[in-house]
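Q: Listed in order, the protein sequences are those of chains A and B.
Note that the first sequence covers residues 19 to 520 in the numbering used here.
Note that the second sequence covers residues 859 to 1329 in the numbering used here.
Just so you know, these hints were derived from the structure itself, not from any lab.
Hints should not be assumed to be uniformly reliable.
[Stated by the list, open to error] Here are the simulated lysine to any residue pairs, SDA-like style, with alpha carbons at most 25 Å apart:
hint: 1; chain 1: A; residue 1: K46; chain 2: B; residue 2: K1119
hint: 2; chain 1: A; residue 1: K220; chain 2: A; residue 2: T239
hint: 3; chain 1: A; residue 1: K185; chain 2: B; residue 2: E1320
hint: 4; chain 1: A; residue 1: K316; chain 2: A; residue 2: P259
hint: 5; chain 1: A; residue 1: K187; chain 2: B; residue 2: E1320
hint: 6; chain 1: A; residue 1: K185; chain 2: B; residue 2: K901
hint: 7; chain 1: A; residue 1: K432; chain 2: A; residue 2: E328
hint: 8; chain 1: A; residue 1: K185; chain 2: B; residue 2: I864
hint: 9; chain 1: A; residue 1: K187; chain 2: B; residue 2: S1243
hint: 10; chain 1: A; residue 1: K487; chain 2: A; residue 2: E440
hint: 11; chain 1: A; residue 1: K160; chain 2: B; residue 2: W900
hint: 12; chain 1: A; residue 1: K228; chain 2: A; residue 2: R335
hint: 13; chain 1: A; residue 1: K166; chain 2: B; residue 2: F866
hint: 14; chain 1: A; residue 1: K52; chain 2: B; residue 2: T863
hint: 15; chain 1: A; residue 1: K25; chain 2: B; residue 2: E1045
hint: 16; chain 1: B; residue 1: K1119; chain 2: B; residue 2: T880
hint: 17; chain 1: A; residue 1: K195; chain 2: B; residue 2: I974
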Amino acid sequence: MNRDLVKHIFLNLFSLILIILLMSVVYKKFFYEKDIQRYSDIINTVRALPNDADIVYIGESSNVTAGGDDRDTRYISQFTGDYFPGLKVCDITKPASHAGIFKVLLENIPESNQMQTLVVTLNLRSFDAEWMYSDLETPLQKSIVLLKPGPPLWKRFLLSFKAYDIKSKQERYEQIKRQWLHDTFHDLPFDFPYRNTIQWDKALRKRGIKGKDGKRDKEATTLACYYVKTYAFQIDTLHHPRIKDFDDIVRLAKKRHWHLIFNLMAENTEKARELVGDKLLFFMNNNARLLEDYYSRKGVIVVNNLNAVEDAQFIDRTWTTEHYAEKGRKTIARNLALALKDLYPGQFKEVKDAHPAFQTHFENNCEKPLGWKGENTFTDEKSSSGMFSSKMGDSETFSITWSYPLREIPRRLKNHFFISFEACMEKVDKDIKLVVESADPECRYWKAYGFYPPPSAPHKWQFYSYRIKIPDQIKNSKRVKIYLYDPHGTPCYIDDLCIDIQ
Amino acid sequence: MLFNTIDFVLFLPVVIFLYFLTPQKYRWVLLLIASYYFYMSWKVEYIFLIVFSTLIDYFSGLKMEKLPDRKSRRPYLILSLVTNLGLLFAFKYYNFATGNLNLLFEEYGIAYRFPISRWLLPVGISFYTFQTLSYSIDVYYGRQKAEKHLGYFALYVSFFPQLVAGPIERFSRLTPQLKSAHHFSYENISKGLRLILYGLFIKMVIADNLSGIIDSVYAAPQNYNSADILKAIIFYSFQIYSDFYGYSLIAIGSALMMGIKLMDNFRTPYLAKNIAEFWQRWHISLSTWFRDYLYYPLGGNRVAITRWMLNIMIVFVVSGIWHGANWTFIIWGGLYGIVYLLEKLTNRYLPVKPDAKAFSPTHLFFAFKTFLFVSLIWIFFRSQSFAQAMDIFHYLFTNIHTHKTHLSIPVSTWIFLSIFILSDILLYDKRFDTWLDRFPYLFRWTVYAIMLFAIVVFAGVENFPFIYFQF
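Okay, chain B solo, but in the shape it has when bound (with noise of 0.2 Å):
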């Protein structure tokens, strides 16, 4: 059940008025249904999977908060590891790991051939996983206690609005707000429906529309120019961001009418002045898992700068594994590892320093360095293979003086699409919900008006699935 179809938008009403309905004792029942509903609308079966990792987790952390120090309970964080992990290789890197084996093989002459596995990637098991891990890690060092409740246990792995897709949400600040009692609230549900009005606008009307474009350009580069093949580029870049933080919009937006608080996860990344503060403000409860569990646990940059560097390189490529199992996601975290080491190094140097004031000159030139940087980087992000992606840079620069161009792109595109990085622009550092408070009620309807018709009347019809879902 995406949140772009009509399957959510009956769905979520009527789970929202339910919850208002049911007393607060028996909500985590109501909401645990509706996730576990939500969840097997996609395929009934990896219902068990979640089922699974979460009596895992939930009988691990018991166990665990019963011993007394750590070496007692590592057994138990390891079953917890092996479980999510292992899950996590089974359905998402198996066939890419033997896949690489079975070449290897076959460079080497061995006959042994590891099967592929058709099994379906379980909708958002990167992100279920990463969140119950991190309850599991929270335990284990002590700074979580373990719950008791295996239902509230099992809403926190399934809450549905950030089920497939986060924001990955950390045990202590979700469990507490399902447990606490909401009364409806006027406010709430009119800020959720700002918020998801937003998202609807920018993951359907531009992300999708954007998405057709970007297609074409990709599967045949080379019928298109250096300028078309830019535009895709760029084009990509606000693709994936509109989707993804349309998304992420839609997700707090949703829990915000039932009085739970999301973590915001973008704050106008395209606005950063570097490497560093772009993953500051880009899927931010992923940055932050990150930056928790590996790169501190790691020993972040209290150790030697060689082994800062190690670290640093290491979080990248792991969160680029994250991301997919594929080179191209390899390639595309160790470059992010690569330009954020250079620009902390370099730094020092620049004649100018890029801490400068919102919207200056200097500002405005360094989030344009960055921009450009992030958008090239997310040329492997996109493509399907290494080969790929080099016929893109490739394209991108022979391609200058061939006359071809495929590329249409409707006037309606252009609008929106300015739109959209005007809207980004103003929101600077603030949300669409609480901005939007401060103008008069005809501004504001105007505002509704206009995005709910570019909505019912714009938005790409093909089926574009939210991107981050494959993770």
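This is chain A alone, in the form it adopts within the complex (with noise of 0.2 Å):
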């Protein structure tokens, strides 16, 4: 190589070092908390804890699915909150997430925080193969690049150069059923015909479960075979993925000072037991004691959930998920503060019932989520208080929607509904209404309310309140709904919605 040629090689050296540099700086001062807020707003569950917050409880959507005839919606973080009035217990809910990207998370908690205590949801169904090489995974990979430490440009580069886990759900698919075929059991105490997943599924399928009446049930053997789809596995401490993430969570907690607390989810042992039998139980139970010994020899303080909550406090009834109705999130907020009360003795006062008999006053800001349907469609792109609103518009026809069982409330205090909330258009549509809906099938109602006065002008946020009389009809309903219907898509934001009954 001559010299003139090895000058211009050092020459565009030089040049691009220095445009990486000025990329660098305008890219954190210009785009990055753009993209944050594109593709990781679940950094804002964290940004949202409070410097104070003593207890932080982070988990997927086992903290915050309610049931449809629940009394009280609030979450397992919630009502745990109950029993130590004098604390301030805060939540970090992802739904679908797991140690991998509660992981990153925490990470993100400033080290000035002060927490002392943190309690992971420790999900048994987060080990098996469905959840591990689930169609989400991608999005949820995604999601926690830009959170990982590293120059801001540098995580961006790596997210545009697909620099995490993506695969197809063909991939993914193929990903689940090897697994399946090669994770081979072992070490049982009794003797057992089939040697992997895939051959017990096979086979239970093949038999099927019978009915009452003595035929083949279908709906049942497909719950059944799905059951052994998903606990039928051992867990491996030494090589499993996800051992790894609880175990950086460890040295997370550690290294940071806090209280950890691994929170074993219940799971429908009582289903698996009356589909597919004692075998598939003990596969549950042994999974979930080498847990509970593995990271107790690490000293945290694992809560066994797994058998805590009865068949009939599932909601899903169809497939397997640690969704609870009221009584079961109870029962693992239950557990879960008796092992609390150990660190915060003096504050563990007793609760009978963690809640009033019944609400009148709802207001939902938007700013976190509250347990409310349509949450999905909170954003930051406008707000008329805080920093989020829910928008309508695009394939969103509806708003955030109250819903509540209004049977439970005495009937000489529900006469009318009080709602006012701030509303804003993108361009003036008068079809955009306030819906009173009943969905209980017995007291079905519809009821459609138009903007008064009438929006004048785009984008200016406005004050609109209602002074409805409740009909007679749906006094006694399971379910009442109250939100805004936007029939053609225009783009709508809805703020500070708040109901009174009076």
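Dock chain to chain to rebuild the complex, using the hints, since each chain is given by itself in its own frame.
A: Laid out in structure tokens, this is it:
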């Protein structure tokens, strides 16, 4: 190589470094935060944590999912907080997530945060092949790329060049099948004819589950097979990637001096026994015990709820989830509270019924999930108060939705709804309505109310209030909903929805 | 391993570094290992298909060369054709064929149903089977000497830059380059990097950002007004162009860095004045393949006019089938055939001839007309079913007065699309790497900086694989 060429190459390298440095500054200043809100808004749940939180509960949908007939739709973490009125119990909830995601979120809690105790959802099902290699893994992994440590431009580069676990649906399915096939059962204390999950599933499908009439019950058979595919595995603490994630959380907690509790969630063991039998229960209990022993040895308090919730409290009837009705959530919360009692003996206060018999005042300022329906419409594009509002438009025709069993409220206390909210439309659309609906099949009702005064100008927040007489026919409804309906999908933002029943 | 992933960003420099470190004699080993590794990164098992196809064609070639005439060579050509087209049928067309037969059985009350295959379509199977077929056919006709070196032949079939989506290279062009000694050339590295940069820019910034917009319209056209649907149709023309052109440029650039020159696959096709010219500018390696191995053997245009018309239709319909196992692709190919014939037949009656000077009003008028036809025909290519294509046409013409508009197009998408269109006009009949040479250093580096920034900061983050990978 001649000298000129070497000089030229060095000049080019210098130019490249200069460009990268410039890009880095520009990106960090003007684009990074926007990208975080666009691709990793999951971080907002961490940012929303108050600095003086005492206990932080991190979990997936099991924390927040409520049953349709629940009188109190609050979260497990909130129920737990009832036992410690003097402490601030906060939550970080990301549906479908797991320890790998929790780990990244927890690393983002600022060092200045004063939290003392961390409760992590330990979900047995998150160790199974279907969850490990679920379709949701790709978007989940994508959502944490920008949250990992490193220079912002580098992280954006990794995001652009798909440097995360990215696979098609078909590839994920192949991964699941491979694991079911290759993870052979071992060291079982009983004779077992099947070598792996696939064989067990196949045999069960062939044999079928008999209904009361002695015939093959198709639905029960499908569900039984589902139970086998979900729970028939044996955790290998040396190699399982999920164990590695939980181990990292243990390390992080030690580094940050947090008390650490793993809250092992309840599974529907009652149904598992009924459909498949004790052998499957052996797998479930054995895995739970193994996790409990493994993490207890590492100094973690493990609350084993595996068998704590009865079948009737499981909301989803046709597949396996950790979604519990009110009583189920309260049971988990109580078990957790009893474990926390050892850490905060002076703060614990026994709760008989941790929530009022009914509520008559509801408000949602769209700033954080409260368990209302339609919270997926939250956006930071516009807001009347705080940072977020609920957006209709695009494919969303409904706003956040208040939903409550009106029959729980004494008759004399439910004559009128007083409803207020702020609305801002991108285009004046007089067809957007406020809707009162009863979804109870025994008292169906649907009525829409226009905006009064009619919306006058686009891009302007306007306050609306309504006094609506509650029709007698819905007073005993199991589920009354109030929401805004946008039939044309005109972009419209709703904020500070407030409902009083008087 | 997609070109726009971190895996390839790491893989390519390592291969190139090792390539120049390895003595020429052993470079084929390095490139073959790299190519097989590249292919296996999709699905390990499918390497057996490529090896199988390679071995059959290698031995067929050797056998054919030893035989004196075409008649005696024919069984080996048939072996090669049956093997390659058989693989293609089994993986690509089986479900389509049996699905249609099952429908027919249902119609006529026949109880039998063909089972459905759940095999994944091996990436790039249509490309490498066509590449290796061209070799067998050339050896059969005596236009090409059979390759004695199995390693070089295997490398010809699997050379990683063009393995999964072309350009479909001929043996006589690629193999001598693979065999000859290439020294490290700063110019090749620089030009290769330029092509890769531009390719990544148009794939990641243009195609990937348009993709989400188009997908939402095609998923529910009833929710969009005519203007939105029209935007989606036009955008798709640019998406597929920037996606495939981007891929081709990265392939050409990657090979060029090793001193290997692959053929150009695109030459500003949307400035073509008619469909015939469009196909001389679009996916050139496939068009010339069909010309040489299907159109000419059918008689080309040295036949009666009706036979010639039939030949044209056959070529376009087969080209449609090559793209995918779906009626929409067959219709897509057929429509090209019809428009091509109509243009040829009506050309003489036109008051203005399309062979005008570049960028004259006549040229622009005919280019616009061709672009419009092509964009409308793309609807069939993009749609997953005939019904979906019909829906797009239906709502394009009936949702005129609705106020529904859900299409939100970021300003950055408009800006980068405009830059792409402008650059395509500037690059008319030129290639980005050489075009840039004429400008001063500062200008060149400003262009690199803009593209680099756009690639890192504005790239679509959803996983949109290259469209042509599915073929």
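Q: Report the numbers of all earlier hints that the structure fails to satisfy, in ascending order.
A: 1 and 7
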